[in-house]
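Given only the sequences and the hints, what does the whole structure look like? Please build it.
Chains as they are written, first to last, in the numbering used here: chain B, 85 to 535; chain S, 85 to 535.
For the record, the hints were derived by calculation from the structure and aren't laboratory data. Don't take every hint at face value.
Same chains, same names: a pair is fine if it fits in one copy or spans any two.
What the hints assert, rightly or not - Below, simulated SDA-like cross-link-like pairs (lysine to any residue); rule was C-alpha separation at most 20 Å, straight line:
# : residue 1 : residue 2
1 : 488       : 498
2 : 370       : 403
3 : 121       : 289
4 : 126       : 440
5 : 370       : 390
6 : 370       : 518
7 : 294       : 171
8 : 226       : 514
9 : 447       : 424
So you can see what is in the structure, the chains are spelled out below.
Number of protein chains: 2
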Amino acid sequence: MISEAGFSSKCCHDQGQGLSKHVVVVGGGFAGLNAAKGLGGKPNILVTVIDRCNHHLFQPLLYQVAMAALSPAEIAVPIRHILARYRNITVLQDEVCDLDLAGHRVMARNCSLVYDYLILACGVRHSYFGHEEWEEAAPGLKTIEQATEIRRRVLTAFEAAERSRDPEQVRKLLTFVIVGGGPTGVELAGAIGEMSRFTLARDFRNINPKLARIILIEAGPRILSTFAEVLAVKATRDLENLGVQVWTSSKVSRVDNNGCDLGTTRVEAATILWAAGVQAAELGRKLAVPTDPLGRIPVEPCLNLKGHPEVFVAGDLAHFTHGRAKPLPGLAPVALQQGRWIARNILRKNAGEKPLPFHYLDKGQLATIGRGRAIIQLGRLRGSGLFAWLIWLSTHIYYLVGFKNRLFVTMQWAWSFFSFNRGARLIVNKEWRFYRPTPAADIRQPGGKGL
Amino acid sequence: MISEAGFSSKCCHDQGQGLSKHVVVVGGGFAGLNAAKGLGGKPNILVTVIDRCNHHLFQPLLYQVAMAALSPAEIAVPIRHILARYRNITVLQDEVCDLDLAGHRVMARNCSLVYDYLILACGVRHSYFGHEEWEEAAPGLKTIEQATEIRRRVLTAFEAAERSRDPEQVRKLLTFVIVGGGPTGVELAGAIGEMSRFTLARDFRNINPKLARIILIEAGPRILSTFAEVLAVKATRDLENLGVQVWTSSKVSRVDNNGCDLGTTRVEAATILWAAGVQAAELGRKLAVPTDPLGRIPVEPCLNLKGHPEVFVAGDLAHFTHGRAKPLPGLAPVALQQGRWIARNILRKNAGEKPLPFHYLDKGQLATIGRGRAIIQLGRLRGSGLFAWLIWLSTHIYYLVGFKNRLFVTMQWAWSFFSFNRGARLIVNKEWRFYRPTPAADIRQPGGKGL
Numbered sequence: 085m086i087s088e089a090g091f092s093s094k095c096c097h098d099q100g101q102g103l104s105k106h107v108v109v110v111g112g113g114f115a116g117l118n119a120a121k122g123l124g125g126k127p128n129i130l131v132t133v134i135d136r137c138n139h140h141l142f143q144p145l146l147y148q149v150a151m152a153a154l155s156p157a158e159i160a161v162p163i164r165h166i167l168a169r170y171r172n173i174t175v176l177q178d179e180v181c182d183l184d185l186a187g188h189r190v191m192a193r194n195c196s197l198v199y200d201y202l203i204l205a206c207g208v209r210h211s212y213f214g215h216e217e218w219e220e221a222a223p224g225l226k227t228i229e230q231a232t233e234i235r236r237r238v239l240t241a242f243e244a245a246e247r248s249r250d251p252e253q254v255r256k257l258l259t260f261v262i263v264g265g266g267p268t269g270v271e272l273a274g275a276i277g278e279m280s281r282f283t284l285a286r287d288f289r290n291i292n293p294k295l296a297r298i299i300l301i302e303a304g305p306r307i308l309s310t311f312a313e314v315l316a317v318k319a320t321r322d323l324e325n326l327g328v329q330v331w332t333s334s335k336v337s338r339v340d341n342n343g344c345d346l347g348t349t350r351v352e353a354a355t356i357l358w359a360a361g362v363q364a365a366e367l368g369r370k371l372a373v374p375t376d377p378l379g380r381i382p383v384e385p386c387l388n389l390k391g392h393p394e395v396f397v398a399g400d401l402a403h404f405t406h407g408r409a410k411p412l413p414g415l416a417p418v419a420l421q422q423g424r425w426i427a428r429n430i431l432r433k434n435a436g437e438k439p440l441p442f443h444y445l446d447k448g449q450l451a452t453i454g455r456g457r458a459i460i461q462l463g464r465l466r467g468s469g470l471f472a473w474l475i476w477l478s479t480h481i482y483y484l485v486g487f488k489n490r491l492f493v494t495m496q497w498a499w500s501f502f503s504f505n506r507g508a509r510l511i512v513n514k515e516w517r518f519y520r521p522t523p524a525a526d527i528r529q530p531g532g533k534g535l
Numbered sequence: 085m086i087s088e089a090g091f092s093s094k095c096c097h098d099q100g101q102g103l104s105k106h107v108v109v110v111g112g113g114f115a116g117l118n119a120a121k122g123l124g125g126k127p128n129i130l131v132t133v134i135d136r137c138n139h140h141l142f143q144p145l146l147y148q149v150a151m152a153a154l155s156p157a158e159i160a161v162p163i164r165h166i167l168a169r170y171r172n173i174t175v176l177q178d179e180v181c182d183l184d185l186a187g188h189r190v191m192a193r194n195c196s197l198v199y200d201y202l203i204l205a206c207g208v209r210h211s212y213f214g215h216e217e218w219e220e221a222a223p224g225l226k227t228i229e230q231a232t233e234i235r236r237r238v239l240t241a242f243e244a245a246e247r248s249r250d251p252e253q254v255r256k257l258l259t260f261v262i263v264g265g266g267p268t269g270v271e272l273a274g275a276i277g278e279m280s281r282f283t284l285a286r287d288f289r290n291i292n293p294k295l296a297r298i299i300l301i302e303a304g305p306r307i308l309s310t311f312a313e314v315l316a317v318k319a320t321r322d323l324e325n326l327g328v329q330v331w332t333s334s335k336v337s338r339v340d341n342n343g344c345d346l347g348t349t350r351v352e353a354a355t356i357l358w359a360a361g362v363q364a365a366e367l368g369r370k371l372a373v374p375t376d377p378l379g380r381i382p383v384e385p386c387l388n389l390k391g392h393p394e395v396f397v398a399g400d401l402a403h404f405t406h407g408r409a410k411p412l413p414g415l416a417p418v419a420l421q422q423g424r425w426i427a428r429n430i431l432r433k434n435a436g437e438k439p440l441p442f443h444y445l446d447k448g449q450l451a452t453i454g455r456g457r458a459i460i461q462l463g464r465l466r467g468s469g470l471f472a473w474l475i476w477l478s479t480h481i482y483y484l485v486g487f488k489n490r491l492f493v494t495m496q497w498a499w500s501f502f503s504f505n506r507g508a509r510l511i512v513n514k515e516w517r518f519y520r521p522t523p524a525a526d527i528r529q530p531g532g533k534g535l
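If you want it as structure tokens, here you go:
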């Protein structure tokens with residue numbers, strides 16, 4: 085077990101321990117990482133970043149891992165590697181389970197830390213609106229593990245269809261349902277469309293991947309509700325050109341391993357992907373403060389918790405409304421700016437100055453549908469098509485962490501663009517053991533049913 | 085279920101069905117892939133390649149995936165993609181469970197195929213010499229799944245050591261045991277040495293990764309027994325320079341989750357890797373012919389099974405001795421040449437000519453220890469150091485499948501060489517579900533023991 089004393093005494097011997105403040109950052113996403121960077125190398129500050137993953141994930145490109153266009157490591161970099169040059173930052177891979185605001189203490193599975201300042205930036209997870217049992221049949225897309233699981237399911241469906249001789253079965257295997265018409269749902273649907281129409285087209289003999297049926301289901305009256313209607317219409321047309329059926333005002337009432345129900349309509353599908361809702365991380369509830377319906381924590385103008393000037397909340401977990409009609413959306417730029425702002429406020433407080441209220445610089449929003457197809461909206465400025473896609477491309481490369489990853493992703497994309505190929509069409513099994521305790525008892529006899 | 089008729093009629097309508105011979109290739113490794121390529125596009129030949137993985141794996145570089153230097157997709161390419169341009173080849177992802185030589189039939193989990201020619205090239209798996217229960221504690225390295233499991237264990241050990249305050253625990257976490265002093269064991273040990281001394285050195289605050297203890301255990305009197313002694317000595321010195329302890333004439337008598345026993349000597353280690361033995365694939369036993377002690381199938385000079393001129397065995401599964409003191413080793417060049425040779429022999433038989441006895445062109449053997457350190461042996465020619473390493477490098481890039489992969493691996497290596505970095509230090513969990521049926525019941529309370 086790690087005692088807090090152990091930590092403080094460890095990292096600060098050259099900085100005058102008595103003066104040093106210990107900042108604990110929970111979460112190594114955009115908010116936590118940028119907060120840590122803002123505090124890196126500063127005198128009299130010790131930082132501990134704690135995350136249950138060892139990597140910072142560039143979430144905006146996670147759908148490309150799920151769709152076999154990028155490898156996991158191309159968008160995930162070890163947090164400790166990104167922060168290695170700041171000698172006042174310690175990174176721990178551990179899962180925080182509880183908070184003690186009165187005692188200024190963070191409790192994790194394997195250690196416990198005392199803080200002077202706390203930054204909570206542990207984000208959101210996907211939500212099934214009370215139907216968590218749907219997850220097995222319809223994975224969401226928030227982690228590398230989920231992305232590779234989705235990749236496995238999509239590619240395995242094509243493989244099983246190639247093997248099958250039952251037309252009913254083939255139809256079901258080649259039906260892909262994506263629930264949720266936000267940017268992630270649109271990107272997933274567009275990518276399956278592209279993959280089936282271009283990448284896989286020549287690789288199969290018994291099926292025609294181009295005939296894959298892709299259905300994007302949205303409960304609201306239109307997809308991409310945060311964008312202007314004209315852009316959503318454009319995106320719908322682009323999706324339809326890639327063979328995606330867009331079903332709006334359709335609500336999923338049941339999900340199982342063989343498909344889903346939309347009221348009285350039944351869709352038989354082997355693959356269902358969930359991009360419909362999010363919910364704040366569990367840890368937020370430990371604060372015992374009222375949250376918004378998504379579980380997000382309301383924050384003061386300076387991004388701190390009400391009554392706790394030493395506790396900050398940032399990123400998707402924060403509910404920030406000051407001077408706005410709607411709370412700030414759960415986007416990477418919001419998290420990034422909030423993380424930096426909190427670092428600045430902590431430095432100000434440490435210097436005896438007053439913290440400053442957060443000001444968000446809106447850089448607009450983007451969504452991509454496929455090769456050369458994207459939409460962009462910045463205030464009243466709107467764009468679509470190749471122009472918007474090039475902006476999407478350069479923004480994402482610019483923000484990608486680490487020079488090497490930028491270079492490699494750019495090359496992967498250049499390669500894919502000209503070859504219509506996807507570099508990571510790998511089906512990785514969940515089981516690594518060969519000599520597992522229950523060996524091959526479930527081998528189906530020839531003659532049994534496929535998949 | 086797929087009937088054999090279904091397959092034959094499917095792929096050959098433009099080739100004159102009556103004349104076409106159906107070749108079934110079991111296994112998409114070096115042997116199977118090259119046999120299929122050799123038959124690709126040939127008239128009156130239909131080929132079905134069947135493999136339980138969707139990818140061809142460039143096994144010689146698998147240790148680099150285990151050691152976080154390459155991403156899985158960089159050395160694994162979908163078999164159907166490699167063979168897509170040959171319209172007479174069908175690829176199926178399925179697991180062959182039985183063979184009926186008399187009925188010329190291959191039975192897989194989801195289909196059954198009738199062949200005119202059969203090529204068995206399903207390779208070997210790692211073996212624990214009757215102690216299969218050791219696998220859980222000491223994974224072997226034959227598949228992508230195993231490589232990512234090893235990567236997870238090695239990186240997790242460093243993370244847990246960084247968290248731990250118990251010196252005993254830290255020592256155990258930073259002890260890495262590799263069992264087996266063949267090329268794979270040497271490559272794994274060298275790579276852990278390099279990773280701890282260079283890549284990870286600056287990234288931790290509470291531990292010094294350079295102090296990691298790496299032990300390479302070999303039962304025989306020296307490592308790399310297939311190489312000349314002078315080269316093995318050189319490799320031993322190179323390993324020791326990277327901090328690896330080489331223990332020869334040491335036999336592992338017990339493996340558990342906390343370490344291993346070598347007779348009366350106990351080594352406490354959190355990570356044990358198995359590179360000690362191989363055993364032919366299970367399927368070989370279905371042939372009901374006498375095998376060698378490793379389970380490999382003796383083949384005739386033309387690479388066919390005795391008494392079955394239509395059944396060929398190639399690659400690691402084949403035991404080929406004709407005109408040699410020892411059987412051909414389980415190396416990629418052997419498998420590759422045998423695959424090509426079988427394709428040629430099938431084409432000869434189809435043309436009414438006599439098959440030719442296999443002739444192996446020995447291109448020598450190579451093993452690498454780390455940056456700029458390798459050994460090479462070709463007959464009486466021997467080399468080591470940077471020169472051998474450059475040959476190792478260019479050979480591996482040359483044989484890597486697919487132009488894009490060659491390019492990307494070259495770039496990854498160039499990057500790693502100059503930056504001492506590793507591009508894929510990603511810990512991926514086995515569980516992808518968030519809302520799993522048994523949620524977080526095992527969360528250890530703060531105060532519980534680490535790892």
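Hint numbers the structure violates, sorted upward? none
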